[in-house]
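J.: In case you want the letters, here they are:
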Amino acid sequence: MPAAVILCESTIPIHARAAGKAFFSLTSTPGLLLILYVATGVLLGLVVYMYIKTKQVRSMQRERSSKRSSGYITEHADEYISSLDTNQIDSYLKEKETHAGNGKPVNKFSVPVIALMLLAGMCAALPALAQEAGPKKAFPFGESGIIITLILIIIPIAGGACIMIVKLLNILRKYRRQQEAEDASDFADYLSQNGAVEEALERRKTALQYKLNNSELAGQTPAEDSKGIIKNIVSHGALPVVAQKKSGLNRPSVDPALARLVLWYIGCAAFWLLFGTTVGEYVGIKFVAPDADHVSWLSFGRLRPVHTNAVFWGWASLGMLGLGHYIVPRVSNTSLASIKKGWYTLILINAAVVLGSLCLMAGINNAGGEYREYIWPVQLLFGIGLVIALTNFLQTVARRTTKEIYISNWYIIAAVIFALVISLVAYWPSWQNGLGETIIQGYYMHQGVGMWFMLFTLGIVYYFLPQQLNKPIYSYSLGILAFWAQILFYTLIGSHHFVFSSIPWWLQTTAIVGSMGMVIPVAAGTTNFIMTFKGAWHKLSSSYTLPFFVTGIIFYFTGSLQGTAEAFRSTNLMWHFTDFTVAHSHLTMYGIISFFLWAAMYAVIPRLTGKEAPQLTIGIHFWLSLLGLMFYTIPLMYGSTMKGLMWMEGKPFIDSVVFMAPYWLWRAIGGSLMWMGHLFFAYNIYKMLSVSVAKIKTSPVEQLNQSYTAAEIKL
Amino acid sequence: MEFFNNHKKLFTAAFLLFFTLTLFVAIIPALNNEKINRSLPGAVPLSEDAVKGKAVFIANGCVACHTQQVRNVAMDKAFGSRPSIAADYAGIKRTDTWRNTATLMGTERTGPDLTNIGSRQPSVDWHLAHLYNPRIVVSASIMPAYPWLFNVIDNAPKNAVVVNIPAAFAEGTGKVVATKEAMWLVAYLQSLKQVELPDGRPMPAFLYKKEPKAAAAGRAVDEPDGAALYATNCQSCHQENGEGLKGAFPPLKGSKVVLNNDPELMVNIIMNGYTGRMQEGYGAMPPVGTNNNLDAEEIAAIMNHEKTSWGNDAKKVTPDDVKKLMALVKDQAVAKGK
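So the protein sequences, as listed, match chains A and B.
Heads up: the first sequence begins at 3 in our numbering, then just goes up one per residue.
Heads up: the second sequence begins at 21 in our numbering, then just goes up one per residue.
Derived by calculation from the structure, the hints in this document are not laboratory data.
This one's a predicted model, so the numbers in the text were calculated from it and none came from an experiment.
We treat Cβ as the ideally placed atom computed from N, Cα and C, and that holds for glycine.
Careful: at least some of the hints might be erroneous.
Pairs of lysine-lysine residues, derived as DSS-like cross-links and limited to a Cα-Cα distance of at most 27 Å, are as follows [stated by the list, open to error]:
| no. | chain 1 | residue 1 | chain 2 | residue 2 |
| --- | --- | --- | --- | --- |
| 1 | B | Lys28 | A | Lys405 |
| 2 | B | Lys28 | A | Lys653 |
| 3 | B | Lys72 | B | Lys229 |
| 4 | B | Lys72 | B | Lys230 |
| 5 | B | Lys28 | A | Lys342 |
Negatives, chain B to chain A, calculated, CB over 10 Å [to be verified]:
| no. | residue |
| --- | --- |
| 6 | Pro65 |
| 7 | Arg114 |
| 8 | Thr130 |
| 9 | Pro132 |
| 10 | Asp341 |
Simulated restraints, written as ranges between beta carbons of each label pair [unchecked claim]:
| no. | chain 1 | residue 1 | chain 2 | residue 2 | range |
| --- | --- | --- | --- | --- | --- |
| 11 | A | His296 | B | Asp174 | 17 to 27 Å |
| 12 | B | Glu216 | A | Val389 | 48 to 58 Å |
| 13 | A | Gly161 | B | Phe23 | 36 to 46 Å |
| 14 | A | Ala400 | B | Leu43 | 27 to 37 Å |
| 15 | B | Ser67 | A | Ala364 | 36 to 46 Å |
| 16 | A | Val389 | B | Val172 | 44 to 54 Å |
| 17 | B | Val172 | A | Glu651 | 34 to 44 Å |
| 18 | A | Leu360 | B | Met223 | 16 to 26 Å |
| 19 | A | Ser255 | B | Phe23 | 31 to 41 Å |
| 20 | A | Ile37 | B | Ser67 | 50 to 60 Å |
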């Protein structure tokens with residue numbers, strides 16, 4: 003342990019010298035480095051604290067063992083006696099009668115001591131690794147973007163350290179318990195040697211045996227749950243493989259017509275998720291095996307947009323709209339204005355994705371702008387679908403029975419309005435000649451993400467997170483602040499995809515400034531969600547939807563701020579055009595949007611069908627998706643940083659291609675894990691949709707009702 | 021607040037805020053750029069074939085991996101002699117009724133930038149072999165193969181463009197013949213050349229130039245890396261092992277020109293190109309040195325790499341020698357031109 007401390011201390015001055023003079027300015031790179039060091043210092047402080055704590059316990063132990071011989075127990079005998087319970091006294095007295103001997107407990111200290119040593123060893127190894135990586139000159143630790151990334155990485159590491167400390171405290175607690183056991187055995191020895199204490203014990207026994215008759219307050223009436231408070235009792239539980247989580251509560255039933263609509267949306271979304279990620283998986287494999295096939299319809303350039311568009315318009319958009327059709331009427335405390343319109347939207351968007359995918363594979367596309375690869379007649383179907391959804395939502399809100407418009411509906415309806423504006427701007431030909439096309443492209447591709455997917459999904463979270471936690475959102479005002487700040491800043495940032503290109507310099511700078519402004523809505527949103535969790539964190543371990551929400555919140559914070567980090571000119575130099583962008587878009591579109599959508603879907607489907615998916619497969623889905631995402635993004639981020647540096651050094655282009663091969667392989671592996679997760683998701687959807695069990699639960703009542711009506715008819 | 025409880029007012033306000041911002045960051049700048057930018061005087065409109073080739077380029081989604089923008093940062097120098105400017109794109113109009121404008125600037129560089137590919141790699145043979153299967157000419161490439169742009173025919177007609185395919189990549193016994201689409205696509209790639217700025221116009225600067233390494237690192241660092249320069253400028257044809265490709269690109273290993281102790285012809289070929297071995301079936305060599313703006317030090321480094329690799333063992337040249345010869349061959353070229 004001391005070795006670890008020394009190792010770490012020695013790294014700090016080395017870095018500080020390398021970083022430069024203005025050490026205390028928080029705006030400078032060294033200032034940010036300082037923050038990093040402070041974070042590391044805090045961690046180290048905790049480790050040292052734990053070390054001291056351990057030492058204390060050990061020295062206490064030494065002290066006690068020296069006292070044991072000197073009559074410590076005799077002095078405290080009364081205290082010990084009063085802490086005994088009846089059984090203990092009884093058994094002692096019986097033992098005494100039979101003159102049985104007392105066996106001393108075995109010394110078990112070795113186990114926690116070894117565990118402690120192991121932990122200490124790990125702590126020593128961590129800084130040692132950091133030391134090894136530190137002085138490597140090739141990696142640009144000084145770049146502000148990198149520092150931000152490092153800080154974002156440190157957040158989960160700090161979390162890990164906290165868990166470690168809690169575990170360590172547990173071990174210490176066990177250790178202390180063992181000491182108590184020893185004291186007990188000493189006390190036993192004392193008892194066996196001292197006969198006069200028996201009387202005292204007898205007295206104590208009668209005192210302890212006094213009992214209330216348990217009906218002092220209740221009277222003689224038998225217990226009955228007359229208000230129907232106790233529900234959800236599982237009486238035939240099998241041996242669980244994983245911890246049993248709470249099952250969804252039975253809710254007042256939803257209009258079956260609406261339920262059917264929402265389920266169809268979610269079912270279609272799940273299909274497009276499977277389809278889109280199967281394509282994505284195959285496209286990822288092509289980086290490793292470019293000659294996997296030689297079919298024109300399956301070539302990389304044609305399949306890549308099929309993947310992106312299918313998951314954007316098929317999976318995420320249909321998923322969001324499906325949940326929207328549930329939320330908008332619910333928080334308006336009314337019914338959906340028109341179920342029929344909901345079906346039209348669903349059909350139109352599905353048609354757009356089917357036609358669009360076919361067109362792209364056939365080589366018919368809109369000439370190169372990312373995410374607007376569908377030609378306008380296809381995207382028009384999507385647009386009409388959105389117009390119908392918008393009128394439907396607005397009519398629903400107009401006939402709401404609540405006075406205010408709940409914040410979810412702000413986000414959801416604004417998202418639909420903005421998506422229509424964006425699509426119109428992107429497809430209208432009047433301003434697309436020459437660089438106009440590029441300026442619109444930058445605007446479109448990022449507004450699509452921020453104003454459609456992110457805004458809509460936030461609306462979903464503002465409804466389902468409080469619902470799943472069974473408590474109101476922490477601050478309505480923060481939600482409103484985040485809403486306006488998102489519109490103000492997000493709209494500006496599109497052109498950061500074309501930094502250093504020939505679009506006007508001022509426009510690039512505006513985009514960079516806007517990207518920094520995004521800290522405001524992101525911090526506001528994250529704070530709001532985290533504070534909603536306050537006092538309800540314990541529910542996390544007993545719920546299968548909340549882990550999806552928490553993951554989404556973490557990625558909402560880290561993923562969004564990573565976007566800010568990427569926008570600076572210095573980081574753009576290194577990361578632009580590399581796979582870093584791909585990693586980032588997966589962290590956000592997958593880490594944020596998809597995880598939130600899954601959370602909401604696992605929450606809502608049981609309410610619609612009365613049937614839950616097996617908790618085991620939900621857990622497998624969660625972990626495969628999360629681990630897959632990590633395997634996908636982390637190697638890609640590291641590899642592409644190095645690739646960018648190779649380009650800056652003027653290395654031959656093909657060298658960077660060769661260099662990326664292992665990272666592309668990791669990406670394919672991560673992608674495969676994510677894809678397997680989606681298979682489990684599809685299975686879960688299937689299990690939630692198959693209605694057999696719900697039927698069994700309701701059918702006796704239905705039968706009775708039918709026989710009653712039949713009887714009435716006869717009469 | 022009353023305002024927020026009225027859905028008409030609330031959503032109109034949100035729409036107006038968003039739309040106003042949209043006007044100022046997207047629509048007005050886009051319209052303004054259309055208004056103030058015109059094509060450069062030297063710009064040549066795409067030929068009919070090149071227009072069709074561009075359609076093939078678009079249909080196959082090449083923009084997913086290939087950018088067409090030289091940014092004003094030093095690392096992009098490898099792809100063009102000057103940063104791209106708005107005027108380079110000003111002449112690009114809506115493709116057709118169905119498809120939007122195709123500036124094809126791209127957002128990802130999984131493959132190299134193509135802004136100046138027509139100058140950097142003008143060889144039709146190279147492009148055709150590369151399109152049939154990129155691994156024929158660049159073994160480490162991960163670009164897709166485009167065999168559907170070719171026909172494999174046993175008896176190729178006389179006027180057919182036959183592509184010389186090494187045995188390892190051949191499918192069947194027939195000859196590989198380029199389709200019209202392949203020839204269009206190559207015509208488009210050949211047309212991608214940076215247009216020179218009109219005289220007197222200052223060239224936009226490349227930013228973030230690499231600082232010269234500190235003296236402490238030793239002088240050797242200052243010299244350009246011949247192997248890396250070879251890989252960037254020469255390797256795709258002459259190959260990493262210097263053996264070229266049979267029937268397309270001559271070997272440098274054991275080449276008389278490379279081994280010649282008088283470097284004049286070698287400098288001449290690098291600066292002015294070469295058609296001397298066309299009758300042997302080799303393609304025309306482009307003026308790589310001129311196209312890629314290589315300076316005397318870089319050319320000397322490349323020449324010395326070629327003169328001392330793969331078993332070659334010829335006398336090295338100095339940058340000063342090369343500088344003089346460059347001036348000499350430039351005069352020759354000008355004289356020839358006149």
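J.: Can you let me know if the beta-carbon spacing of His296 (chain A) and Asp174 (chain B) is within 17 to 27 Å?
T.: Between His296 (chain A) and Asp174 (chain B), where Cβ atoms are some 20 Å apart, the hint holds.
J.: CB of Ser255 (chain A) to CB of Phe23 (chain B), is that within 31 to 41 Å?
T.: holds (36 Å)
J.: Check the following: the C-beta atoms of Glu216 (chain B) and Val389 (chain A) are separated by a distance inside 48 to 58 Å.
T.: Since the Cβ atoms of Glu216 (chain B) and Val389 (chain A) sit about 49 Å apart, the hinted range of 48 to 58 Å holds.
J.: Under the criterion that the straight-line Cα-Cα distance not exceed 27 Å, is the pair Lys28 (chain B), Lys653 (chain A) satisfied?
T.: Outside the cut-off at roughly 58 Å; violated.
J.: Do Ala400 (chain A) and Leu43 (chain B) keep their Cβ atoms within the hinted range of 27 to 37 Å?
T.: holds (28 Å)
J.: Over 10 Å to the closest beta carbon of chain A is the bar; see if Pro65 (chain B) clears it.
T.: holds (14 Å)
J.: Taking the closest pair, is the beta carbon of Pro132 (chain B) still more than 10 Å from chain A?
T.: Per Cβ check, Pro132 (chain B) is inside 10 Å of chain A; nearest 5 Å; violated.
J.: A range of 36 to 46 Å was offered for this pair. Does it hold for the Cβ distance of Ser67 (chain B) and Ala364 (chain A)?
T.: Because 26 Å falls outside the window, the suggested range is violated.
J.: Check the non-interface label on Thr130 (chain B): least C-beta distance to chain A beyond 10 Å or not.
T.: Violated, since 8 Å does not exceed 10 Å.
J.: Given the hint that Lys72 (chain B) pairs with Lys229 (chain B), does the C-alpha gap stay at or below 27 Å?
T.: Status violated; Cα separation ~38 Å.
J.: For the pair supplied as a hint, Lys28 (chain B) and Lys342 (chain A), confirm whether the alpha-carbon distance does not exceed 27 Å.
T.: holds (24 Å)
J.: Would you say the C-beta atoms of Val389 (chain A) and Val172 (chain B) sit inside 44 to 54 Å of each other?
T.: holds (50 Å)
When held up to the earlier numbered hints, the structure conflicts with 2, 3, 4, 7, 8, 9, 15, 18 and fits the remainder.
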